Every structure is written in C-alpha cells, then in structure tokens.
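Residue numbers (full-length UniProt numbering), protein chains in the order written: chain E, 1 to 319; chain B, 1 to 319.
Mixed in with the good hints, there may be bad ones.
Given that identical chains are not distinguished, each listed pair holds provided it fits within a single copy or across any two copies.
Cut-off 25 Å, straight-line C-alpha distance, at most; resulting in silico cross-link-like pairs (SDA-like, lysine to any residue) [claimed, not checked]:
| no. | residue 1 | residue 2 |
| --- | --- | --- |
| 1 | K102 | S178 |
| 2 | K102 | A311 |
| 3 | K102 | R312 |
| 4 | K102 | L176 |
| 5 | K102 | G258 |
| 6 | K177 | D136 |
| 7 | K102 | R60 |
Note that these hints are calculated values from the structure, not bench results.
Keep in mind it's a predicted model, so treat the numbers as computed, not measured.
Protein chains: 2
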Amino acid sequence: MTAPLNPRPPTGEFSLIDWIRRQAKAGQSTVLGIGDDCAIVRPSPDSDWLVTTDMLMDGRHFRLDQDGPEAVGFKALGVNLSDIAAMAGVPVAAVVAVALPKAHAVALAQGIHAGMAPLAERFGVDLVGGDTNAWDGPLVISITVLGETTARGPVRRSGAVPGDAILVTGPLGGSLKSGRHLRPQPRLLEALALHQAAPLHAMIDISDGLASDLGHILEESGGLGAILDADAIPIHPDAASLSDSDARSPLDHALNDGEDFELCVVVAPDDASRLIATPPRPAVVHRIGQVQGEPGLWLRTRDGQLIAIHARGFDHLHQ
Amino acid sequence: MTAPLNPRPPTGEFSLIDWIRRQAKAGQSTVLGIGDDCAIVRPSPDSDWLVTTDMLMDGRHFRLDQDGPEAVGFKALGVNLSDIAAMAGVPVAAVVAVALPKAHAVALAQGIHAGMAPLAERFGVDLVGGDTNAWDGPLVISITVLGETTARGPVRRSGAVPGDAILVTGPLGGSLKSGRHLRPQPRLLEALALHQAAPLHAMIDISDGLASDLGHILEESGGLGAILDADAIPIHPDAASLSDSDARSPLDHALNDGEDFELCVVVAPDDASRLIATPPRPAVVHRIGQVQGEPGLWLRTRDGQLIAIHARGFDHLHQ
Numbered sequence: 001m002t003a004p005l006n007p008r009p010p011t012g013e014f015s016l017i018d019w020i021r022r023q024a025k026a027g028q029s030t031v032l033g034i035g036d037d038c039a040i041v042r043p044s045p046d047s048d049w050l051v052t053t054d055m056l057m058d059g060r061h062f063r064l065d066q067d068g069p070e071a072v073g074f075k076a077l078g079v080n081l082s083d084i085a086a087m088a089g090v091p092v093a094a095v096v097a098v099a100l101p102k103a104h105a106v107a108l109a110q111g112i113h114a115g116m117a118p119l120a121e122r123f124g125v126d127l128v129g130g131d132t133n134a135w136d137g138p139l140v141i142s143i144t145v146l147g148e149t150t151a152r153g154p155v156r157r158s159g160a161v162p163g164d165a166i167l168v169t170g171p172l173g174g175s176l177k178s179g180r181h182l183r184p185q186p187r188l189l190e191a192l193a194l195h196q197a198a199p200l201h202a203m204i205d206i207s208d209g210l211a212s213d214l215g216h217i218l219e220e221s222g223g224l225g226a227i228l229d230a231d232a233i234p235i236h237p238d239a240a241s242l243s244d245s246d247a248r249s250p251l252d253h254a255l256n257d258g259e260d261f262e263l264c265v266v267v268a269p270d271d272a273s274r275l276i277a278t279p280p281r282p283a284v285v286h287r288i289g290q291v292q293g294e295p296g297l298w299l300r301t302r303d304g305q306l307i308a309i310h311a312r313g314f315d316h317l318h319q
Numbered sequence: 001m002t003a004p005l006n007p008r009p010p011t012g013e014f015s016l017i018d019w020i021r022r023q024a025k026a027g028q029s030t031v032l033g034i035g036d037d038c039a040i041v042r043p044s045p046d047s048d049w050l051v052t053t054d055m056l057m058d059g060r061h062f063r064l065d066q067d068g069p070e071a072v073g074f075k076a077l078g079v080n081l082s083d084i085a086a087m088a089g090v091p092v093a094a095v096v097a098v099a100l101p102k103a104h105a106v107a108l109a110q111g112i113h114a115g116m117a118p119l120a121e122r123f124g125v126d127l128v129g130g131d132t133n134a135w136d137g138p139l140v141i142s143i144t145v146l147g148e149t150t151a152r153g154p155v156r157r158s159g160a161v162p163g164d165a166i167l168v169t170g171p172l173g174g175s176l177k178s179g180r181h182l183r184p185q186p187r188l189l190e191a192l193a194l195h196q197a198a199p200l201h202a203m204i205d206i207s208d209g210l211a212s213d214l215g216h217i218l219e220e221s222g223g224l225g226a227i228l229d230a231d232a233i234p235i236h237p238d239a240a241s242l243s244d245s246d247a248r249s250p251l252d253h254a255l256n257d258g259e260d261f262e263l264c265v266v267v268a269p270d271d272a273s274r275l276i277a278t279p280p281r282p283a284v285v286h287r288i289g290q291v292q293g294e295p296g297l298w299l300r301t302r303d304g305q306l307i308a309i310h311a312r313g314f315d316h317l318h319q
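Just chain E, same shape as in the assembly:
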C-alpha cells in the first residue's frame, strides 16, 4: 500500500485521478507483469472484477495508412476503458494482443505502445501482458481490460425503470468528421463522480449511436421504451458540419452516429435534477428524455409531436 485511501470523495478532476490511482494501488494489483505464461493480479478485498474486450481492425475501426499506429493504440485502449467507465468501474490492468503487418512490425508495435502509454498512465492501468505476432495481413489489435467495482457496485444496463430520466455527458454526432472517433476520452472520472453523487440505475457508453445504445438499456431493463426531446439532445458541432455535406440533419447524426464515447445515464428524476443543478465535477450532464413503461423509442418535437426512432446504429457483423 503506497498511500491511504482517500476518506473524502474526490472533488476535482485531478484529485479524482489521484483517487482512482489509489484505488488501484491499494491492492497492489499487479503481482506479476509481462514475462511469464500469465500475469498475476490481486483483487482488492470485497471488489468484483469487471472484464471487457474490444478488437479493432485496419480498414474497419481505423485506417493505419492515414491514422498511424499511435492513434490505433490510443483508440484501442480508450474504447476498452470506455466500457469500464460504462459500469462505473476503476480500470486496473490490460493485456494487449496484436497481429502486426510483417514489414513494419517493430515500428508499429512501438507506435501502438506510444499511443496506449499516456492513457494507461493517466488512469493508472498496468499493461500486464500480451501476445505480439506478425503476419501478412492487416493490423489487428485486441485489448482486454480488467477493472474493479467500487463500494457503490457496478452500474449495469438493466436497471432502468419507467419514469427515470435519461442523461448524456456531452454533445453527440459527427465523430468521424474531426477524428474524434480515434480519440475516445473514456468518461471514467465522470462515471465515478456521478455514481458517487447518486445511485445510477443504468449506464452505457455511446459507441454504436445514442438510439442504438439507449435501445440496449431499454431492452436489457425488461423491454421498456423512451421519449427523447428533440430540442434537449446536445448536438456536437461536428454533426452540424457533417450535415452540410450530406442529406442528414444534425439531429440524425446525434441520434445515429457512433463513437462519441459519451455516457448515456439513467437515474431517478429527482437525482437527475440534482445532478444537473450541482454537477459532480468533472461530469456535466444533459437531460434528454424519459424512460417509459411501453416499448418503443420516440422523438418528441418542439410542437409535441411524437416520431418513432428506428435505431440505425453500427451493426458490427453486417456493415
């Protein structure tokens, strides 16, 4: 144990980062890192482990020739950390498997590591192991992250109830426009701060698109529905910018583009009001709608009209 647990809830971003680090260090989680058949990690007492894995492929989740290996490393770790954030967990350790194009294997491995290292450092994640291969195919990277739950417990997708408020942590849409899809900012601190401030009922990170990802919450919560207020959904400037060059409205982009990596959070309505009135830093939340008992996802326009939303989020298997 290098530092005592902070008895007080963290108040700012940097103290929260410190707090996260101390959570991870408290268990001296990494007993054995790279260099054996397995890594060995030691759980903190009374904590469960969160496990998540994401694989990224050249031409699908990134374009190596345009984006470069550093962006690949950053994104690959970032999307996994975003999944830990979506459960209100504290990331602890990661293992990284790569298939590197043979011709530049070593340089690519170094570039990928350079992309992962700052994120890993920032959030106190130990890179404890991996599997490094070279081949004639395109670059593939697969990361698995282990995280710990806090005393508040994990936040699942399945806890939404009718009447709950639906929040998001930032503006949505158009992530491809400015390359934000390569720079996921995992909302780990935001998730922990929010979960500390109020019991979150359900949460997901927006990777496939708001409509699609909110749909997962509604489905996992027993087949519920929701009404979203068109005017309340925060739209990213990138969505407006993209809208100029295609036939889709900014709102359409905000609802259906993926890879924003903001959080979609479901809480009791009173808690929502409190979180909006007194945002637990560094989290900022926007109330965008309400959970309904009846299935179906609806958009309420300014004049009160309800329009059915059909999620067109990313289908990993068929697109």
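Fit chain B to the given chain E structure using the hints.
Chain B only, in chain E's frame:
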C-alpha cells in the same frame, strides 16, 4: 443452462450475441456474463487472478480452409488454457474477440463456438463476454482467460535453481504431422496434481519448442543453464514419422518443434524421483535433464559427449 438452444440460426450481430449468451451458463464466479459493457467475475477469497491472452491468425496458427472453424475455436481456447496450466492455475472465465471474414461471418462464429464449448465445459470455464466483428480480412481470434491460483500459489518461470531436475509430461515433436497442433490438450489437471504432490520450482508449457521454452525458464531464473540427456527425451511417433520425410532427426524435432503443449517442469531432484515413482494421476512425467549454475543448454549423448543446443523455436515476430 437457463434457456434452450435457439431453434433458428442467428442472422445478425445481436441475435448472435443472444445465441452465444444462451450457450453460456453462469458459473459460481460469473456474476454477470455476456450482454453488458463488461462481464463481472467474483474472485474466491485469498486467490489471485491469472490473466493470459493469445491471438491466432489464419495462415499463421491455422489454415481456415483446411482446418475449419471448429478446430480454430478449440485451438484458440486450448492454447490459452495451456498458459493457465503452466502456472498451475484453475481457469475460470474467458472473453473472446473475433474478426470474421464477412462472407461467412455467422457460420464461422457458430463453428468457432462449437470448438470452444466442449473445452470450456470440460474445464469449467465460463465464456463471459466477447467482441464479434466482420471484415474483408482473414479470420483472427483473440482470447483472454482468467484463472485462479490455488492455495499452493502459482508456479512461475523464475524459480529454477542449480541441481533441479527437468521433467516433461509427455512425448514431444512433430505436432504438425498429425494435426496435434490444432488439438492442444491443456495439462491443467496434470499441473494441479503435480503441484499438489510436490512444490514445483518452475513450469512452462511447450508452445515454441522444448529448447526454446526451457530457455525461457533458465533465463527468467537468473541466467542458468541445463544439460538434457538425449536418450531420456520422450519422442513422439509423429517426430519419427516427420523425420522420414525431412533431413531432421526425431530428436531434433522433439527439441525444436513447437505446439506440443506438454509441460516442462522443474523440481528438486528428490521430488522428481518421487513424482516418477508414484505419478500423481493423471500426470505422467519423464526426467530429461538437470539445471546447471552456468548458462548454456547442452545435450548429453549416450557416450557422455556434450553438444551445445541452439534453440530454433518459433519467433513470433520474424518468422
């Protein structure tokens, strides 16, 4: 099993996730399986977690057109379980990420699952999560397995001392000949039985070749050496068979072929004698040599001559 198998074949990503989820059954460690941002696993009291990851690529670790997806699933899980065996651990949970060739994505996913399921079932491993993608590239599969240590603790590569005996759990060489490289039989039970019967000093699974993998133990144990007795190394019939068709001796195959997935075990000499006289079932061990204080790996021939062994095991990055 909480639900019957889906009578219809799944047609899209989400129905495939449903289908896989129904195949998975919740074990004691699995708090939450497939279907959220992360899986949740609960550690046993006083147990550390082992974490290992291995990625397999078409054309490199298997040939999909010849071997088929079921063999790919079996091998991908088997090699990871072999790493858990090499630490004398108990496998608990696995996450599986795949990049599937688009044209046959669903059928391939089902075939891969059919290959993993019997191994997972046999060793009580829960398939708790994954990431399923399709693309225009070749098949890639990456599995991460979590395992628990036993009360005896994990067996690392680094605990060999001069004078220790070197054992292997089975005959070596020629695994490519009969397709054994596709059917790794993880020596999990053998490792646990051996570690229960005697304090194992060091262990590794033979994936790159005996000379190469023993070399890892010697290096990690502080730069030791070893003498292997040529006549004592158990040679697989496949090695002899391969030897008929190439210019290499059966012993050369036994020393340098990879993917036998037997264990190389280092123990005190008295313990070695005991393990050989009274093998702890189901383990069977062969004493093949002795650890030396001076670096270097040597083969002792029947007439007592010492020949330097230069490991030619599989180089993952450059072959």
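Here's how the hints hold up against the structure:
1. Taking the closest pair of Cα atoms, K102 and S178 never come within 25 Å of each other, the shortest separation being 30 Å inside a single copy and 28 Å across copies.
2. Within a single copy, K102 and A311 get their C-alpha atoms only as close as 39 Å, which misses the 25 Å cut-off; across copies the closest is 22 Å, which meets it.
3. Taking identical chains as interchangeable, the C-alpha atoms of K102 and R312 lie at most 25 Å apart only when they sit on different chains, with a minimum of 19 Å there against 37 Å within one chain.
4. For the homomeric pair K102 and L176, the shortest alpha-carbon distance between copies (23 Å) is at most 25 Å, but the shortest distance inside one copy (29 Å) is not.
5. Proximity of K102 to G258 under the C-alpha cut-off of 25 Å is restricted to the inter-copy arrangement: shortest distance 21 Å between copies versus 31 Å within a copy.
6. Taking the shortest Cα distances, K177 and D136 sit within 25 Å of each other only across copies (24 Å), while inside one copy they are farther apart (31 Å).
7. Taking the shortest Cα distances, K102 and R60 sit within 25 Å of each other both inside one copy (19 Å) and across copies (12 Å).
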